[in-house]
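As you go down the protein sequences, you meet chains A and B in turn.
All residue numbers for the first sequence refer to my numbering, where the first residue is 7 and numbers rise by one.
All residue numbers for the second sequence refer to my numbering, where the first residue is 84 and numbers rise by one.
The hints are simulated quantities; they were obtained by calculation from the structure and are not laboratory data.
The reader is advised that the hints may include incorrect statements.
What the hints assert, rightly or not - As a list, the in silico DSS-like pairs of lysine-lysine whose alpha-carbon atoms are at most 30 Å apart:
| no. | chain 1 | residue 1 | chain 2 | residue 2 |
| --- | --- | --- | --- | --- |
| 1 | A | 219 | B | 681 |
| 2 | A | 142 | A | 167 |
| 3 | A | 167 | B | 667 |
As the list claims (entries may be wrong) - Derived CB-CB ranges, DEER-like:
| no. | chain 1 | residue 1 | chain 2 | residue 2 | range |
| --- | --- | --- | --- | --- | --- |
| 4 | A | 301 | B | 122 | 54 to 64 Å |
| 5 | B | 528 | A | 408 | 29 to 39 Å |
| 6 | A | 177 | B | 212 | 33 to 43 Å |
To be verified - Some chain A residues close to chain B (C-beta under 10 Å, calculated; not the full set):
| no. | residue |
| --- | --- |
| 7 | 158 |
| 8 | 167 |
| 9 | 183 |
| 10 | 184 |
| 11 | 198 |
| 12 | 201 |
| 13 | 208 |
| 14 | 212 |
| 15 | 215 |
| 16 | 231 |
| 17 | 292 |
| 18 | 372 |
| 19 | 374 |
| 20 | 376 |
| 21 | 378 |
| 22 | 425 |
Positions of the beta carbon are idealized from the N, C-alpha and C atoms, including for glycine.
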Amino acid sequence: MISRRHFLAASAATGAFAAESAPPPKGKATACIFLWLGGGAAHIDTFDPKPRSRSKSQAGSYYDAIPTAIRGESICEHLPRLAPLMDRAVIVRSVTHSISNEHAAAANLVHTGRLPSGTLQYPSIGSIVSSQLGAKTEEVPAYVVMGYPNIMRDPGFLGAKHGYVYLTQTETGPTGLIRPPDVDLNREDRRETLLGKLREGYTASRPNDEFVKQQDDVTRQAFKLAGPKFLNVFDLQRESPELRRSYGGEFGQRCLLARRLVQSGVRFVEVSHNLNFLNGSGWDTHNEGQLNQHLLIQELDNALSSLITDLETHKLLDETLIVVATEFGRPPDFDSGGGRGHQSLAFSMLLAGGGLRTGRAVGRTNDLGSAVAERPVTIPDFHATIHCALGINPHKNLYAGTRPVPITDRGAPLTELFA
Amino acid sequence: MRALTLFVCLPLLASAQVRVEIFENLAKGEELRPAESLRTEQYMEPAFGFVRTPIKYSPAALPLDRSTPFTLKAKYERSLPAAKLRLRLRARGAAVLTMDGKEIARTKPQKPNTSGDDPVPPPPVIDETGHRPAPYPHQDVFAEISGDGASHRFELVALIGGKGLMPTPGELAVSWGREGEMERLLGPDHAPRLVDAEWEAFVARQEQTHIAADRARRLAASEATAAQWRARHDKVRAFYQARLVPVPQAPTGYPVSNDIDRFLAIPLAAAKTAPKGSLSDLEFLRRLSLDLTGLIPTQDEVTQFLAAPAATRRKQAVDKLLNSPAWADHWTAYWQDVLAENPGILKPDLNNTGPFRYWIHQSFLDGVPFDRFVTELIQMEGSNHLGGPAGFAQSTLNDAPMAAKADILAQAFLGTKLSCARCHDAPFHPYKQKDLFSMSAMLAGKPVTLPAASSVPIVEGARKPAVEITLKPGDTIHPDWPFATLIDHADSGALPAEGKLDSRRQLAAFFVAPENDRFARVVVNRVWKRYMGLGLVEPVDDWANAKPSHPELLSWLAREFVLSGYDMKHLARLIVNSHAYQRKPVEALTEQNASPSKRLFAGPLRRRLSAEQLVDSLHLAVGKNFQCEDLNLNPAGDRAPNQFLDMGRPTRAWQLTALSNERDRPALALPIAQSLIDVMSAYGWRQSRQNPASSRDDGASPMQTLILANGVLGTRIVRLSDDSAFTALALADVPLRRLISDTFFRVLSRPPSPEELRTMTALLEPVYASRKVAGADSKYVERRSDNRVSWSNHLSAEATVIRMKEERELRMGDQPTAKLTSAFRERFEDALWALVNSPEFVLMP
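With these hints in hand, go ahead and build the complete structure from the sequences.
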């Protein structure tokens, strides 16, 4: 079995599987905060503004544009706090893929970098980063999700050990790590004492059983993970009220928590921004969802600009890559209800910090933003860029059993972003 | 037809039952006036409340779709008191109620709905009388009539399903009563009243009656098919009889319970390895029960077991547990993994299949012979959304679906892993890409073309790939059986399947023909691994480069299996009655990595409970139900089943499914289901089964401990609420010693050790005497999610608020009982917590 792997690894190294012959760039980021705009954020209403539409029948942006710290590049008027910080960011305006009809399929593609094959389940980018870098300390997990657990975030063939800890509301904390509300320290102590005796008795009567020992080891590790060091990270009260206010509502608080998690040693934090409160549909702005889309954009503006500034204050921006991703963009024309449909062939994503050469836009769409005009960036390319920024070789093979699976499907990183 | 005679004979006036008929393939415009000739079903119900209709079965007992829409007609005649009366017709879609042939009430047709932005309706108002309110989006239509003491004929005609709608009746009902008084369902005098508790009890009975009736109907419908399979098995037996596998003599001193032990004893003796000692009776019962039913034994089962004579109690327990319906539950979970059953409840796309779990379950429940099971799977017929094998054919977003299926089938039943051949010739196997695609063409019943994505791109200038590629994208591959070395023709015991001799049937014949002895060997090896923890051949799904550890035993088991008529229970009985199965476990990691000749089966491998065993056993131990939400994101029923599946309310863990909330919308969350899935995912259950898997990820991870210790499910399990069996135990007038002992039996299937008894006594004694709170009432209310939220309104802020509130409330756990003091309750809960979180609970004996 070992020899097979070696054989395949060797052949990969000599270029049999890798598309690129030059060694991939190696960035210095050590953690990633992945902001997920689920539903499909309209690029022309956010990071790729076009001439403004004056009526439902006229294609174009829904808002005016404002200049940014990147010379010659503007973004939506509802991103005023972010605009002056854009020199810390890269707008990738020419992301392209072919799944526009179904959210789950497109979201899965953007999370795993691949279409389902039926021969194995591909891991999410969070699980891949977790498998390659691990957590920075033993007392925290490598991968945390703020959002609902689902397939696209799963570890796939990498197995449950590269899964995530998740929470759906910042106030309740991560599932499984927080003591139930009615269990105080006294009860917890009592529980662990009772369990300790049972564990001891069981393990002692089965000496030399490696399987039993492993089970016992992870139990010990688990209680350490649920210890005060990690749980204190979730206590947002420890931050100043001004800072909490500047981040804004629940999404902002999630971003603040993401900073605290990264600080504590977590490698990959996914933060979902889709609570439907503000405009009904979240970023999936069909029909009336369009009317209050600006509230979502403003919420993103507060949270993202605060996150960039806050990381910078903590001197963490250079080592923390922020990714703003979405499953697809939206077309410049409007549906019968005044909203927008889906468009996957051309849309925007954002990268910030992470030690990249920021302050630029990559790629370009046509006049209306309906097609890529310059430098198409595929999802594997985008993933390869994230991996390179984190010092991970995107061509390296992972193993599904004995089968080698490159980290990205021949993704080519955006080399211009690396010094 | 027998049923018809039965009710024609019934005097209608005195009828205790409502006569129901189903009509299909209705002419447009005539749906509510169905012609008698279109009747496809007739049966009885106790009253005018209809939440499900009989499943339609093919002659092979496969579930079939009815036409959509179809019509339900219910007739009843009864006398009404001389008084002013009100009748209520409750329906989700179009229905007409007539009295003596005259229409008295009518509901509107339901319209398909593609919206997600509808408003959430206001909370239902319960009227002064306390009637159960109509669930969203049902309609209540009333008719005022004057009773006259005479008898009247009532007839309800209701349309079920239709384009863009769920083909289910919802809560179809007719009730009646005096003005201002509580109504009863139309039917005999004792029919249930229209209040929540009585309606729910009525519905639960209807579920059970229908499940039993459906089973009887499908067995009756498939009598001829079953007889044909029996005849085939006679032929196969004749073929196999001569293939004798001599049973060796066991060396003296090696324990032998049956022939299996004789085969195992020789290599054990040669390696001078002593077999492990026997499990104690109670350890054996726990292991056996988990292996045959997926559940720990109940305290009653333990008591009965111990009451039986020591010499025969183990055999008796084996026979009893093999007859448990839970046998089917436990096997369903296994084949869901192996066959990559992967239904999606919300707009299926990520390599989703239909929910053919229901057909797997029914096959094991009905004891369908395994060659028939495989044949039916390969033929992929029946209803997709009702869970027939047709659902196996589905494979959304997959550009070579039949290649995926060919790979699954070959791994499952031939030990031939073709996954690599999906994109190139297999580098370490004797298979070419063409092999997979020619089998795929047999499943498709026509030549197939190789899709571009199922290939390895040749990059200009780069080095040649290390894998061989003999097919090009766009190449056409013809149907052909690729494994001539296993079997080159399949003619013994021709398949008794229905229908034309198409290429799927031919393919099935190659799989299950007795000449192909790989089939039986692969299946018995899988069953062996399930009970012993490791296969005689490893990996069980990839035999190309594998050597059996005990080739003669493998052949012997395969022959036993075939001679029994491919009876899985016969096979299971042989294995669990062996001494080998009943031994103490061996260390798993060493054994798994040993070469075949070093695998001796001195005992079964140490195993952890599977995710399903764990979740089901936790609930059984504390006597609680899942109280899970319906796995249905469209309870309003206004979308078609190919977009939204209604997978019902799970009662066993295998019935759970991925919750498909890739949209991250709180309003689509199902918090209780999620809490079950959180535990199951940590323990190796896959919410998405995009590819087949013959074994689970059995690595230990901290999340396993944490989710059980602190998660929502763990909190609910140990909480002494009014539905916990431990609350009842604690309220009984028994000495503390007895409570502690019962607790250990329920959770760990054994009495406490003297030291454990001391520890628990020290914990509980100070608060035991004063544990009861006099006069406290039960606070038990079954958890119910707010059924006003459906896909059609899930984007509204209110839907989000409703579900997020449910999530927060669930986090608090079940309502603690008021009948026990919190001082006692908390201590006892902590004791329970320690027991269910102990390694002894999570690991098999």
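Against the structure, the hints:
| no. | hint | result |
| --- | --- | --- |
| 1 | 219/A / 681/B | 23 Å, holds |
| 2 | 142/A / 167/A | 16 Å, holds |
| 3 | 167/A / 667/B | 29 Å, holds |
| 4 | 301/A / 122/B: 54 to 64 Å | 57 Å, holds |
| 5 | 528/B / 408/A: 29 to 39 Å | 33 Å, holds |
| 6 | 177/A / 212/B: 33 to 43 Å | 41 Å, holds |
| 7 | 158 | 6 Å, holds |
| 8 | 167 | 5 Å, holds |
| 9 | 183 | 6 Å, holds |
| 10 | 184 | 6 Å, holds |
| 11 | 198 | 8 Å, holds |
| 12 | 201 | 4 Å, holds |
| 13 | 208 | 5 Å, holds |
| 14 | 212 | 8 Å, holds |
| 15 | 215 | 5 Å, holds |
| 16 | 231 | 5 Å, holds |
| 17 | 292 | 8 Å, holds |
| 18 | 372 | 27 Å, violated |
| 19 | 374 | 27 Å, violated |
| 20 | 376 | 25 Å, violated |
| 21 | 378 | 21 Å, violated |
| 22 | 425 | 27 Å, violated |
Of the numbered hints stated above, those contradicted by the structure are hints 18, 19, 20, 21, 22, listed in ascending order.
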